[in-house]
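Below, each chain spelled out in residue letters.
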Amino acid sequence: DQQVKQNSPSLSVQEGRISILNCDYTNSMFDYFLWYKKYPAEGPTFLISISSIKDKNEDGRFTVFLNKSAKHLSLHIVPSQPGDSAVYFCAASVYGGSQGNLIFGKGTKLSVKP
Amino acid sequence: DAMVIQNPRYQVTQFGKPVTLSCSQTLNHNVMYWYQQKSSQAPKLLFHYYDKDFNNEADTPDNFQSRRPNTSFCFLDIRSPGLGDAAMYLCATSVTVTTYEQYFGPGTRLTVT
Numbered sequence: 001d002q003q004v005k006q007n008s009p010s011l012s013v014q015e016g017r018i019s020i021l022n023c024d025y026t027n028s029m030f031d032y033f034l035w036y037k038k039y040p041a042e043g044p045t046f047l048i049s050i051s052s053i054k055d056k057n058e059d060g061r062f063t064v065f066l067n068k069s070a071k072h073l074s075l076h077i078v079p080s081q082p083g084d085s086a087v088y089f090c091a092a093s094v095y096g097g098s099q100g101n102l103i104f105g106k107g108t109k110l111s112v113k114p
Numbered sequence: 115d116a117m118v119i120q121n122p123r124y125q126v127t128q129f130g131k132p133v134t135l136s137c138s139q140t141l142n143h144n145v146m147y148w149y150q151q152k153s154s155q156a157p158k159l160l161f162h163y164y165d166k167d168f169n170n171e172a173d174t175p176d177n178f179q180s181r182r183p184n185t186s187f188c189f190l191d192i193r194s195p196g197l198g199d200a201a202m203y204l205c206a207t208s209v210t211v212t213t214y215e216q217y218f219g220p221g222t223r224l225t226v227t
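Note that the protein sequences, when read in sequence, are chains P and Z. Using the working numbering, the first residue of the first sequence is number 1, and each one after it goes up by one. Using the working numbering, the first residue of the second sequence is number 115, and each one after it goes up by one.
In short, the hints are calculated from the structure, not lab data. Take these hints with a grain of salt, some might be off.
Heads up, incomplete: computed chain P residues facing chain Z, CB under 10 Å, no partners named [stated by the list, open to error]:
| hint | residue |
| --- | --- |
| 1 | Q2 |
| 2 | V4 |
| 3 | P9 |
| 4 | G16 |
| 5 | R17 |
| 6 | Y32 |
| 7 | L34 |
| 8 | Y36 |
| 9 | E42 |
| 10 | P44 |
| 11 | T45 |
| 12 | A91 |
| 13 | S93 |
| 14 | F104 |
| 15 | G105 |
| 16 | K106 |
DSS-like mimics (lysine-lysine), calculated; alpha carbons at most 25 Å apart, straight line [claimed, not checked]:
| hint | chain 1 | residue 1 | chain 2 | residue 2 |
| --- | --- | --- | --- | --- |
| 17 | Z | K158 | P | K5 |
| 18 | P | K54 | P | K5 |
| 19 | P | K5 | P | K68 |
| 20 | Z | K131 | P | K68 |
| 21 | P | K5 | P | K109 |
| 22 | P | K5 | P | K71 |
| 23 | P | K5 | Z | K152 |
| 24 | P | K5 | P | K106 |
| 25 | P | K106 | P | K56 |
| 26 | Z | K166 | P | K71 |
| 27 | P | K54 | P | K68 |
| 28 | P | K106 | P | K71 |
| 29 | Z | K131 | P | K106 |
| 30 | P | K54 | P | K71 |
| 31 | Z | K152 | P | K106 |
| 32 | Z | K131 | Z | K152 |
| 33 | P | K113 | P | K54 |
| 34 | P | K109 | Z | K131 |
| 35 | P | K106 | P | K68 |
| 36 | P | K71 | P | K113 |
| 37 | P | K5 | P | K56 |
Idealized CB from N, CA, C, for every residue including glycine.
Build out the structure end to end from the sequences listed, making use of the hints.
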């Protein structure tokens, strides 16, 4: 059973608008969440993260929101740029759990149209 | 630039013929991971090394083995590849096991004929 779910396989957004990528999780023991971005022919690269003690973390154009009661997190990209077009993976981890184990979602392919 | 390197980028092997994928890192990280990612699926952790300590995920098939001869290199050995083992194999590193951020290589795409 998938513990981390990204229910939208793809998302298309106009340049300059907001992109919102969603992620749901089922394991209430997860206490740290990360977003990775992946371009074709490259490995995933770390984008932004959030600890369960926070509900928001911001880094430039990227903001991650965490709603623990709903077991939901989202990544907001404002404004979206064509270079943001990539696959975005949500990942979760349990501190002190299976060491080093990141549980990934299946990814959402974002296309930002000029 | 410090990085994670995977060779080869593309590997074709025959059904049942052993194959080895390699990963090297210049980050001097203590932990190295191997993930399997099948088409349109989430990357799935196979195992990881914390220094020389090997940690196997419970559901990783016995067909998959790993070696880490030194800090910089880690190998994934598939003893008898089946058609179901065709996938992208991603190597990653992190400073320690309590460091959540992992740094990924570009992956090796394995085809089994």
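Practice task
Compare the distance between the alpha carbons of Z:K158 and P:K5 with 25 Å, and conclude whether the hinted pair is satisfied.
Solution key: Holds. Z:K158 to P:K5 sits at ~14 Å (cutoff 25 Å).
Practice task
Closer than 10 Å between Cβ atoms is the bar; does P:Y36 clear it against chain Z? Give me holds or violated.
Solution key: Holds: closest Cβ of chain Z sits about 8 Å from P:Y36, inside 10 Å.
Handout entry: Residue hint P:G16, partner chain Z, criterion CB-CB below 10 Å
Key = Check failed: Cβ of P:G16 comes no nearer than 29 Å to chain Z, outside 10 Å.
Exercise for the section: Decide if the proposed pair is consistent with the structure: P:K71 and P:K113, CA atoms, cutoff 25 Å inclusive. Expected result: This hinted pair is violated, its Cα atoms lying about 30 Å apart.
Handout entry: Status of the hint placing P:A91 at chain Z (closest C-beta pair under 10 Å)
Key = Where the cut-off is 10 Å and the nearest Cβ of chain Z is about 8 Å from P:A91, the hint holds.
Problem - 25 Å Cα cutoff - pair P:K106, P:K68 - result: Between P:K106 and P:K68 the Cα gap is close to 21 Å, so the pair holds against 25 Å.
Practice task
For the hint on P:T45, just tell me whether its beta-carbon gets within less than 10 Å of chain Z.
Solution key: holds, 7 Å
Exercise for the section: Could you grab the alpha-carbon distance between P:K5 and P:K56 and see if it respects the 25 Å cut-off? Expected result: holds, 20 Å
Exercise for the section: May I ask you to test the interface hint for P:F104 with respect to chain Z, counting a Cβ-Cβ separation under 10 Å as satisfied? Expected result: Constraint on P:F104 satisfied, holds at 4 Å.
Practice task
Would you settle whether the hint for P:Q2 is holds or violated, based on the nearest Cβ-Cβ distance to chain Z being less than 10 Å?
Solution key: holds, 7 Å
Practice task
Measure nothing beyond the straight line between the CA atoms of Z:K152 and P:K106; if it is 25 Å or shorter, mark the hint as holding.
Solution key: The hint holds at about 10 Å.
Practice task
Take a quick look at whether P:K54 and P:K5 sit within 25 Å of each other, Cα to Cα.
Solution key: holds, 21 Å
Hints 4, 5, 20, 26, 29, 33, 34, 36, counting from the list given before, are not met by this structure.
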